[in-house]
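Peer 1: Spelled out from the first residue to the last, the chains are:
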Amino acid sequence: MIIYNKTWLRNLLIQDQINVPLATGDLSKEEFKNIEKAYPVGFYSPNIFVRTGLFILTCVIALFGGCLLSYMFWDSGIVDSGGWIFFLGLISYTALELVVKNKNHFRSGTDDALIWISGGLFSVAFTWITVKYNWYHHNYTDMLPPAPIVSFVLILSLYLTLRFADSLMALFCFLSTLVLAVVLAVFNLSFGIAIIPFLVIVLSAIVYYFSLSKSGSPKFINYLHCLLMLQAGSLLMLYLAGNYYVVEHLGNKLYGYTSIGPYKVPYPVFFWPWTILVPFIYVGFGLYKKNVILLRTGLVLIAIAAVTFKNYYHVLPIESTLVLFGLIILGGSYWAIKYLKTPKYGFTSEGLQEDTIAGGINVESLIIASTQLDTPQGTADRFGGGDFGGGGSSSSF
Amino acid sequence: MDTDLYKKLHHEGLISDETLEKIAEKHKNPLFSLHWELKTLLYLGVTLLSTGLGVLIYKNIDTIGHQFILLFIAGICAGCFVYCVKKRNPFSRGKVKSPSSFYDYILLLGCLSLLSFLGYLQVQYQVFGNNYGLATFIPMLILFYVAYEFDHIGVLSMAITNLAIWLGATITPYTMLSNGFNSSDPLIIPYLFLGMLLLAAAYLSERYNFKKHFKFTYHNFGLNISFLALLTGYFSFYENSLSFLWLITVLILGYVLYKDAFRSKSFYFLLLITLYTYVAISTLIVRVLFSMDSELAFVIGLLYFIGSAIGLIIALIHLNKKIKEI
Numbered sequence: 001m002i003i004y005n006k007t008w009l010r011n012l013l014i015q016d017q018i019n020v021p022l023a024t025g026d027l028s029k030e031e032f033k034n035i036e037k038a039y040p041v042g043f044y045s046p047n048i049f050v051r052t053g054l055f056i057l058t059c060v061i062a063l064f065g066g067c068l069l070s071y072m073f074w075d076s077g078i079v080d081s082g083g084w085i086f087f088l089g090l091i092s093y094t095a096l097e098l099v100v101k102n103k104n105h106f107r108s109g110t111d112d113a114l115i116w117i118s119g120g121l122f123s124v125a126f127t128w129i130t131v132k133y134n135w136y137h138h139n140y141t142d143m144l145p146p147a148p149i150v151s152f153v154l155i156l157s158l159y160l161t162l163r164f165a166d167s168l169m170a171l172f173c174f175l176s177t178l179v180l181a182v183v184l185a186v187f188n189l190s191f192g193i194a195i196i197p198f199l200v201i202v203l204s205a206i207v208y209y210f211s212l213s214k215s216g217s218p219k220f221i222n223y224l225h226c227l228l229m230l231q232a233g234s235l236l237m238l239y240l241a242g243n244y245y246v247v248e249h250l251g252n253k254l255y256g257y258t259s260i261g262p263y264k265v266p267y268p269v270f271f272w273p274w275t276i277l278v279p280f281i282y283v284g285f286g287l288y289k290k291n292v293i294l295l296r297t298g299l300v301l302i303a304i305a306a307v308t309f310k311n312y313y314h315v316l317p318i319e320s321t322l323v324l325f326g327l328i329i330l331g332g333s334y335w336a337i338k339y340l341k342t343p344k345y346g347f348t349s350e351g352l353q354e355d356t357i358a359g360g361i362n363v364e365s366l367i368i369a370s371t372q373l374d375t376p377q378g379t380a381d382r383f384g385g386g387d388f389g390g391g392g393s394s395s396s397f
Numbered sequence: 001m002d003t004d005l006y007k008k009l010h011h012e013g014l015i016s017d018e019t020l021e022k023i024a025e026k027h028k029n030p031l032f033s034l035h036w037e038l039k040t041l042l043y044l045g046v047t048l049l050s051t052g053l054g055v056l057i058y059k060n061i062d063t064i065g066h067q068f069i070l071l072f073i074a075g076i077c078a079g080c081f082v083y084c085v086k087k088r089n090p091f092s093r094g095k096v097k098s099p100s101s102f103y104d105y106i107l108l109l110g111c112l113s114l115l116s117f118l119g120y121l122q123v124q125y126q127v128f129g130n131n132y133g134l135a136t137f138i139p140m141l142i143l144f145y146v147a148y149e150f151d152h153i154g155v156l157s158m159a160i161t162n163l164a165i166w167l168g169a170t171i172t173p174y175t176m177l178s179n180g181f182n183s184s185d186p187l188i189i190p191y192l193f194l195g196m197l198l199l200a201a202a203y204l205s206e207r208y209n210f211k212k213h214f215k216f217t218y219h220n221f222g223l224n225i226s227f228l229a230l231l232t233g234y235f236s237f238y239e240n241s242l243s244f245l246w247l248i249t250v251l252i253l254g255y256v257l258y259k260d261a262f263r264s265k266s267f268y269f270l271l272l273i274t275l276y277t278y279v280a281i282s283t284l285i286v287r288v289l290f291s292m293d294s295e296l297a298f299v300i301g302l303l304y305f306i307g308s309a310i311g312l313i314i315a316l317i318h319l320n321k322k323i324k325e326i
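Protein chains in written order, with the working numbering: chain A, 1 to 397; chain B, 1 to 326.
In isolation and in its complexed conformation, chain A is listed as follows (with noise of 0.2 Å):
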C-alpha cells in the first residue's frame, strides 16, 4: 500500500535512532558513517529551508499550470464543470506519484504540495458534482457539512495517509472522522446534538488508545510519525471536547440560539472539572511515564484552561493575574532547573543536545527575535509618535 521504498524507510528509522547517540556523543563520526554506509537511504529528503521553498513554488506551478490549461479548453465547454475539477486533480495526483517513484522524493516539500492539492482538488470536485444533482435535501444548516461529503474526504484522506504516509493527512483523516459521527449522530438520532461532546471524548480516546498501543509494533513501523501525530491530535480532541467554553459556544450555534441565548451547558459538575483537571492529569501522566507528547499536550491544555476559567471567573484583574501568574512560573521552574540540576529520578534540566535545525541557526533567538518584538513597540506607542512602528522587521519572519 505505501508507495515509499520499505528498505529505505526502514533505513531512514535506524539513522534516525543513532543521530541521538551522535548527538551526545557515544557514537564516533566514524561509526556513524559506516553505518549510514549499510543502511542507505536513497529519498530526497531536503533540509526545512529547500522544503518549503519546494512547497512554495510547487503551489505556484499547480496553480498557473491549472489555468494555462483551464485557459486552454475554455471555448470547448467542458472547463466548467466539476469532472473538469476532478481532472485536474488526477493530473496533480499523476505527477505525485511519478515524482515519488521516480525522482525519489520523501517530504521534499513537492510531494507535501501535491498531496495536499490533489486531495483537495478531489474534493472540492465531489463536492460540485454532488450538488449538481441535487444530492441534499434541505434539512441541512448552515454548520454542519453533508453527510456524504465528509465520507468522501474521509476515504480519501484515509487513502492518502495510507499510500504517503504523511502525518498532516493523518490528522486531518481523524479530525474528519469526528466530523462524519458528530453528523451521523445529529440528523439520525433525535437527542444528538445532547451526546456529541461525549462522542467525540470517546472516539478520541478509541484513537488515543490505537495509536499509543501500534507505536511501538514493527507492523506500524513505517507509519510512526502518523502515530505519533494522531496521539497529540487525539488527546486535544479529547480535552477539547469536555472544555467548558468549547460545549457552550457549539450547544450554542448547534441549537440556534444567540450567544446571549439560554443555553445552558448541562451538568457542570462534569465540564467544569473536565476542564481544570484533565490537563493536570495528562502532565501527571506525561511525567510518570516519560511520554514527551503526554507532557506537551498537557502544558499547552494547561494555559487553554487556565483562559477558559479567566472568561468566565474575574478573581483578580488581568495585569494582576499575569505579573501573579508570570512570577509564579519563573520561581517555579527556577526551582526545577536548580532541583534537577543533578539529574534525580531519571530527570534532568539539562539539554541532552544542542537544540539547533539545519544550517546551525540557534532556534530560540529565532523565536525571541520573531515574538518580543512587539514588546519594545508598545513602548514606544506610549511616547505618542507611534505611527511607524518597527512592523516592517517583524512581519518578514
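Just to be clear, a hint being listed does not mean it is correct.
[Unchecked claim] Here's a subset of chain A near chain B, in silico, CB distances under 10 Å, partners left out:
#1 2
#2 35
#3 47
#4 97
#5 322
#6 326
#7 328
#8 340
#9 341
[Stated by the list, open to error] Heads up, simulated DSSO-like pairs for lysine-lysine below, C-alpha to C-alpha not over 27 Å straight-line:
#10 B:87 to A:344
#11 A:29 to B:265
#12 B:39 to A:310
#13 A:101 to A:37
#14 A:103 to B:265
#15 B:22 to A:344
#16 B:321 to A:103
#17 B:39 to A:341
#18 B:8 to B:22
#19 A:289 to A:101
#20 A:101 to B:322
#21 B:259 to B:212
#22 A:344 to B:39
#23 A:219 to A:132
#24 B:22 to B:95
#25 A:289 to A:214
#26 B:97 to B:215
#27 B:39 to B:97
#28 A:341 to B:322
#29 B:8 to A:341
#30 B:265 to B:321
FYI, nobody ran anything at the bench for these hints, they're computed from the structure. From a predicted model like this one, the values you see are computed outputs, not experimental measurements. Built from N, CA and C at the ideal position, the CB exists for glycine as well.
We have chain A; now place chain B onto it with these hints.
Peer 2: Same frame as chain A, now just chain B:
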C-alpha cells in the same frame, strides 16, 4: 527503549565494543530531559510578567499606587541586572557561554522591565522632553550595550528593533517638513539605509572578529529590511519612469549577498535571496506583459510562471547540493 538495534549493529561489526557498552549503560538509566519544557516555561513567565507590569503601569498612571508600581518595576529591573552581573562570565570578543538558561531569561526580563520603566518616566515626567528621538535613542543605546556586554542575541534583536523605531522617530518629522519626497511613505529611504547599516554591521562583525556570532542576527534583519524597502520603493514609485532602478538595485544587492551566503554556507539566506529576486524579476515581467495587454501576453505570463517555477526548483536543488559540497 531497546538496545537490539545496537546489538545488531555491533554484530555486523559497525560499532565497537566500547560504544555498545556506553549506549547500553545509557539505556539502563535513561534520562528524560525537561530542558525544552523548562525553557518554554521560563520564556512564558518572562513574557507574562513583563506584559502584566506594562499593563499595570498603563492603567494606574495618576493614581496613588503608581509610585509603588514604579518602585516595584525598578526593583525587578535592578534585581535582574544584579543577578546577571553576579553570575556572568567575563567579557570576551568571541562567544561567551551563558552560565544557564535561567540567566538568559532573567537578562531578558531585566531589559523588558527597563524599557517599561523608561517609557513610564517619559510619559509621566517627560524626562526627555518632547524630543522623541532622544526618548528612543537612550533605550536603544542601553540595549546595544547590554547585548554586547552580556552576549545575548535576544537583547540584540530588541536593540535592532529599537534602532528602527528611533530612526522612524527622528527622521519622520524632518522628512515631513522638508517634503523632499512626494511618496506616500517617507520611510523608504531611511529603512533602506537601516538595512544597509545592519548588513554592514554583519559584515564588520565577521571581518573584525568582534562577536562573530551576532552576524546572523544582523544579517537576517538587514537582508529582509533592505529587500522589503527596495520592493516597497519600487511599488510606491511605480508610475515613475525610473522606477526600474529599484529593481536593478534588488538584483545587485541580491548578487552581493548571494556571494556572501555561499561563503558562509547559509542555505537559509540563499533561499531568501532567491525568492526576493524572483519576486523582483517577476513583477518586472508581469508589468511588461500588462503593457502589451493582449491574449498572447496572458498565455506568455502563465507559461512564464510555470517555467520559472520549475527552473527555480531545479536551481534550488542544485544550489543545495553545491553548498553541501564546499
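Peer 1: Each of the hints needs a verdict: does it hold here or not?
Peer 2: Checked hints:
Hint status for residue 2 (chain A): violated, given a least beta-carbon distance of 21 Å to chain B, over 10 Å. Hint on residue 35 (chain A) holds. Least Cβ distance to chain B is approximately 5 Å, under the 10 Å limit. The interface hint given for residue 47 (chain A) holds, since its Cβ lies 7 Å from the closest Cβ of chain B, which is under the 10 Å cut-off. A least Cβ separation of about 18 Å between residue 97 (chain A) and chain B goes past the 10 Å threshold, and the interface hint is therefore violated.
The restraint placing residue 322 (chain A) at the interface with chain B holds, with a minimum CB-CB distance near 3 Å, inside the 10 Å limit. Taking 10 Å as the C-beta cut-off, the interface hint given for residue 326 (chain A) holds, the closest approach to chain B being about 3 Å. At about 8 Å, the closest approach between the beta carbon of residue 328 (chain A) and any beta carbon in chain B falls short of 10 Å, and the interface hint on this residue holds. The restraint placing residue 340 (chain A) at the interface with chain B holds, with a minimum CB-CB distance near 7 Å, inside the 10 Å limit.
Using the Cβ-Cβ criterion of 10 Å, the hint placing residue 341 (chain A) at the interface with chain B is satisfied: the shortest such distance is roughly 9 Å. Between the alpha carbons of residue 87 (chain B) and residue 344 (chain A) the distance comes to roughly 25 Å, so the proposed pair stays at or under 27 Å and holds. For the hint pairing residue 29 (chain A) with residue 265 (chain B), the CA-to-CA distance comes to about 21 Å; that is within 27 Å, so the pair holds. Our distance criterion of 27 Å between C-alpha atoms is met by residue 39 (chain B) and residue 310 (chain A), whose separation comes to about 25 Å.
Taking the CA atoms of residue 101 (chain A) and residue 37 (chain A), the gap is about 22 Å. The hint holds against a cut of 27 Å. About 26 Å separates the Cα atoms of residue 103 (chain A) and residue 265 (chain B), which keeps this hinted pair within 27 Å; it holds. About 20 Å separates the Cα atoms of residue 22 (chain B) and residue 344 (chain A), which keeps this hinted pair within 27 Å; it holds. A hinted pair counts as satisfied when its Cα atoms are at most 27 Å apart, and residue 321 (chain B) with residue 103 (chain A) qualifies at roughly 15 Å.
With a C-alpha separation of about 14 Å, the suggested pairing of residue 39 (chain B) with residue 341 (chain A) holds against the 27 Å cut-off. For the hint linking residue 8 (chain B) to residue 22 (chain B), the alpha-carbon distance of about 15 Å falls within 27 Å, and the restraint holds. The straight-line distance between the Cα atoms of residue 289 (chain A) and residue 101 (chain A) is roughly 40 Å, outside the 27 Å bound, and the hint therefore fails. Annotation: proposed proximity of residue 101 (chain A) to residue 322 (chain B) holds, straight-line Cα distance about 24 Å (limit 27 Å).
A distance of roughly 18 Å separates the Cα atoms of residue 259 (chain B) and residue 212 (chain B); the hinted pair therefore holds under the 27 Å criterion. A distance of roughly 18 Å separates the Cα atoms of residue 344 (chain A) and residue 39 (chain B); the hinted pair therefore holds under the 27 Å criterion. Using a Cα cut-off of 27 Å, the hinted pair residue 219 (chain A) and residue 132 (chain A) is violated, with the two alpha carbons roughly 43 Å apart. With a C-alpha separation of about 31 Å, the suggested pair residue 22 (chain B) and residue 95 (chain B) falls outside the 27 Å cut-off, and the hint is violated.
Between the alpha carbons of residue 289 (chain A) and residue 214 (chain A) the distance comes to roughly 16 Å, so the proposed pair stays at or under 27 Å and holds. Note on residue 97 (chain B) and residue 215 (chain B): the hinted pairing holds, with a Cα-Cα distance of about 17 Å set against a maximum of 27 Å. Between residue 39 (chain B) and residue 97 (chain B), the direct Cα distance comes to roughly 17 Å. Compliance with the 27 Å bound is thereby established for this hinted pair. Among the hinted pairs, residue 341 (chain A) with residue 322 (chain B) is inconsistent with the structure: their alpha-carbon atoms are about 43 Å apart, more than 27 Å.
Using a Cα cut-off of 27 Å, the hinted pair residue 8 (chain B) and residue 341 (chain A) is violated, with the two alpha carbons roughly 34 Å apart. Annotation: proposed proximity of residue 265 (chain B) to residue 321 (chain B) holds, straight-line Cα distance about 11 Å (limit 27 Å).
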